[in-house]
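Trainee: These protein sequence lines map, in sequence, to chains H and C.
Numbers in this note's numbering are just positions in the first sequence, counted from 1, shifted up by 17.
Numbers in this note's numbering are just positions in the second sequence, counted from 1, shifted up by 17.
Just so you know, same-sequence chains aren't split out, so a pair can sit in one copy or run between any two.
Pairs of lysine-lysine residues, derived as DSS-like cross-links and limited to a Cα-Cα distance of at most 30 Å, are as follows: (1) LYS187 - LYS136; (2) LYS27 - LYS367; (3) LYS268 - LYS332; (4) LYS136 - LYS197; (5) LYS136 - LYS232; (6) LYS198 - LYS136; (7) LYS136 - LYS268; (8) LYS391 - LYS87; (9) LYS354 - LYS332.
Read the hints as simulated data drawn from the structure, not as lab findings.
Protein chains: 2
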Amino acid sequence: DTVDCRSSNKIVRLPGLVDVHVHLREPGATHKEDWDSGTATALAGGFTMVGAMPNTSPAIMDQATFELAKQLSSSKARCDFGIFIGATFTNTTTAGNFANEAMGMKMYLEETFAPLPLKDDINVWRDHIMNWPDNTTPICVHADGRNLAAILLLGWMYNKQMHVCHVSHKEEIDIIRDAKKRGMRLSCEVSPHHLTLCDKDIPRIGAGQSEVRPKLGTEEDMKALWDNIDYIDMIATDHAPHTYEEKCSAKPPPGFPGLETSLPLMLTAVHQGKITLEELVKKMHTNPIQIFNLPEQPDTYIEVDMDQEWVIPKKPLYSRCGWTPFEGLKVKGKVVKVVLRGQTAFIDGKILVEKGYGMNLRSKEYLAEVERLKEQKTKTQLSFVGEKS
Amino acid sequence: DTVDCRSSNKIVRLPGLVDVHVHLREPGATHKEDWDSGTATALAGGFTMVGAMPNTSPAIMDQATFELAKQLSSSKARCDFGIFIGATFTNTTTAGNFANEAMGMKMYLEETFAPLPLKDDINVWRDHIMNWPDNTTPICVHADGRNLAAILLLGWMYNKQMHVCHVSHKEEIDIIRDAKKRGMRLSCEVSPHHLTLCDKDIPRIGAGQSEVRPKLGTEEDMKALWDNIDYIDMIATDHAPHTYEEKCSAKPPPGFPGLETSLPLMLTAVHQGKITLEELVKKMHTNPIQIFNLPEQPDTYIEVDMDQEWVIPKKPLYSRCGWTPFEGLKVKGKVVKVVLRGQTAFIDGKILVEKGYGMNLRSKEYLAEVERLKEQKTKTQLSFVGEKS
Ligand SMILES: [Zn+2]
Ligand SMILES: [Zn+2]
Ligand SMILES: [Zn+2]
Ligand SMILES: [Zn+2]
Ligand SMILES: [Zn+2]
Ligand SMILES: [Zn+2]
Ligand SMILES: [Zn+2]
Ligand SMILES: [Zn+2]
Chain H
18 DTVDCRSSNK IVRLPGLVDV HVHLREPGAT HKEDWDSGTA TALAGGFTMV GAMPNTSPAI
78 MDQATFELAK QLSSSKARCD FGIFIGATFT NTTTAGNFAN EAMGMKMYLE ETFAPLPLKD
138 DINVWRDHIM NWPDNTTPIC VHADGRNLAA ILLLGWMYNK QMHVCHVSHK EEIDIIRDAK
198 KRGMRLSCEV SPHHLTLCDK DIPRIGAGQS EVRPKLGTEE DMKALWDNID YIDMIATDHA
258 PHTYEEKCSA KPPPGFPGLE TSLPLMLTAV HQGKITLEEL VKKMHTNPIQ IFNLPEQPDT
318 YIEVDMDQEW VIPKKPLYSR CGWTPFEGLK VKGKVVKVVL RGQTAFIDGK ILVEKGYGMN
378 LRSKEYLAEV ERLKEQKTKT QLSFVGEKS
Chain C
18 DTVDCRSSNK IVRLPGLVDV HVHLREPGAT HKEDWDSGTA TALAGGFTMV GAMPNTSPAI
78 MDQATFELAK QLSSSKARCD FGIFIGATFT NTTTAGNFAN EAMGMKMYLE ETFAPLPLKD
138 DINVWRDHIM NWPDNTTPIC VHADGRNLAA ILLLGWMYNK QMHVCHVSHK EEIDIIRDAK
198 KRGMRLSCEV SPHHLTLCDK DIPRIGAGQS EVRPKLGTEE DMKALWDNID YIDMIATDHA
258 PHTYEEKCSA KPPPGFPGLE TSLPLMLTAV HQGKITLEEL VKKMHTNPIQ IFNLPEQPDT
318 YIEVDMDQEW VIPKKPLYSR CGWTPFEGLK VKGKVVKVVL RGQTAFIDGK ILVEKGYGMN
378 LRSKEYLAEV ERLKEQKTKT QLSFVGEKS
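Construct the complete structure from the given sequences, taking the supplied hints into account.
Mentor: As structure tokens, then:
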């Protein structure tokens, strides 16, 4: 880590952050977010790679919709990205065709803000798990309580790489911890909101605004997550923007924005001694890259002002949703600069890369780009060595 | 096997049959069955050992109720028996006290004819599984679909010996087979009614009369059970008597009697070539004894007329329920004699042992009785050898 000095604050250089769980709302609900605003939001939060969830409208679940998502993202994204394929009742035999090109497969086993719930049909769950090709990308599950236990059994039985999204409550982390101890091939993520908010925060945030899936837990749930933080592989925002008007409506949709507030909230936890900076980098960069088998981004890093204290404003800089449940919270630590594949992509609140600069992490073009940047670096180093000698 | 000749029919001697899953209805519903009538029914069916389920009224779930069951059974049973302890919301820390003295623990994860449903609280399930002492008696589950998958995960995580009651449908046997293939410590039972009846039989039996949990499956389910018969460890009747009046009422309680019809139905399957007699003996004697760690009963056997053809009558010989869903079915094979611990307990339709002759298989008295019978046998053999020489 490079430690710089700037106005007496400690500036730390970290690798580009990875968020494997974001909802970019395009296609279908671009008034909440789209590939442009969502990836700008990511950069503003220090993220250089995101994984886009498939519960859009239409949902990403077959050739036509996967191609649509690839096309929209390639033309509009400002940071690098992967695209998830959604598991449905109808694609048990075809979802696996996307196992290498997708970020992973997403299975919704609970009712949530999704056109993709698989309800309680264990046959369909089993078919999906059995049919997903071995040694490709992870199977990610939104599953609570007994549904989590059930899907983990299937993952174990068919020896698939399982990833549990947004673990939120004591009952789930207890199961995940003990399954890991028993030797299961299993990873999980936690959201900053489940680590920092609980049911006691609902009056402050507002009842409708507080709606999120999984629901905010109790203080005991939050404590269980921190107590077992060593068993949690990564932080993922579950960035799920809805407009403030929608959140104030009679039927508020569940979900919080999270990309711009994730790192500041987690750096504040570092300052509070709840987690070390080293562990945080593992959970926001190293582990997601390793577990989702993502390429390292060459010449990519972020600069963070560790000591800057600020109050989270109501409106995010770039997200279209226009609100945050963290409004008014004092945090310590701020992203000041993001360099993505050699280009300054964000500095002092401004996005400097164009729409379409972001690349699909699973594409052949991405591998070629990584190769090109490596060669360029080698040449620079060789010429530098040449100058020296 | 001893093969005798009697009126040109083949008489076969088999070991005493074991049924690990019966409902004897006492305490609480002795108009349906009690320890006397239920164990007489068992003997009439060729069973010399039964395991009594805890969903009586009161349920068997603590010291007082376990003692009550022990007392009722000891004074009234005519065949040997074990008693299950029921898992409840309130006995997660105390059920384990009965781990050695009970036949096993029974967990009801579904709504059924039971005061003991554990509903969908995975925390309570987990506490029960974790707290059940290792290397004692099995944990038996009534669980369908995803609940089965969930409880099997917990059993695997905490390395407990799990037993799945009355597997009935394709979805459950698929999971059990694949979990066994993957190396899980797991056994299961099937009932003769799920092997021989399906939804096409409902019109014949009557809608209310056909109510049973798990429900009768489709022909495909029945085929899946037979296709995977090698993965099914035992036949258990799930003898669940209700009176014919109750079965004809507006709210018919689920359950079939099964003790008197189990062996004839299974012997008919032997004649049909669906299973060998050797395999049947494994599933009705050897495996239950081994899996439930039951004592072998000395000087105990049954004699079966393999070739006797008969039509199952409406009224069982001994069960108080007074009906059977198998009424009118032609079967081939009949129990003619039962010898239990040296005494003829049943012959030609008559019970010859008194109430209270049956013993608790998990009691110290039982071990002493086994010892006594062994010594007696050794003496007889020695004196016989003496005479010879
Ligand atoms: Zn989710
Ligand atoms: Zn939960
Ligand atoms: Zn999500
Ligand atoms: Zn790295
Ligand atoms: Zn049952
Ligand atoms: Zn079923
Ligand atoms: Zn039963
Ligand atoms: Zn034996």
